[in-house]
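Whenever a hint applies, use it, and build me the whole structure from the sequences.
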Amino acid sequence: MFGIIVFLIVGTIPFAINILIPLISIYRKQKQYQKLVKDRDKGSLLYQRIVTVPIVEFKDDFKKIVKFFLLYIIFLVLLMLLVMSEAS
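End of the sequence shown sits at 409 in the working numbering; the numbers just go up one at a time, nothing left out.
In short, the hints are calculated from the structure, not lab data. Note that the structure is predicted; figures quoted are calculated from it, not measured. Accuracy of the hints is not assured; some may be wrong.
[Stated by the list, open to error] The calculated lysine-lysine pairs, modelled on DSS-like cross-linking and capped at a C-alpha distance of 25 Å, are:
hint : residue 1 : residue 2
1    : K352      : K384
2    : K350      : K380
3    : K385      : K352
4    : K380      : K356
Set out below in structure tokens:
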């Protein structure tokens with residue numbers, strides 16, 4: 322049982338990294354976009370807060386996140402099947 326827990330933790334690390342990289346990329350793009358808007362319009366702070374990033378710009382990053390999340394779910398299902406087969 323301890324081996325399965327260690328395997329789960331070690332197996333989760335690559336999935337977490339592959340999900341975090343696109344999220345960091347999205348965050349950086351959003352900051353750059355907000356900086357461009359801030360430089361363009363030195364006006365109201367309310368306007369700068371309301372501005373959001375166009376979703377189309379991050380389409381590929383979201384696809385990566387969804388793909389790795391689905392792979393992670395498949396990994397957990399296979400691990401659960403492994404645990405059930407060991408228990409019986």
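Results for each hint:
Distance hint between K352 and K384 is fulfilled; the C-alpha atoms sit about 20 Å from each other, no more than 25 Å. About 12 Å separates the Cα atoms of K350 and K380, which keeps this hinted pair within 25 Å; it holds. About 20 Å separates the Cα atoms of K385 and K352, which keeps this hinted pair within 25 Å; it holds. Between K380 and K356, the direct Cα distance comes to roughly 21 Å. Compliance with the 25 Å bound is thereby established for this hinted pair.
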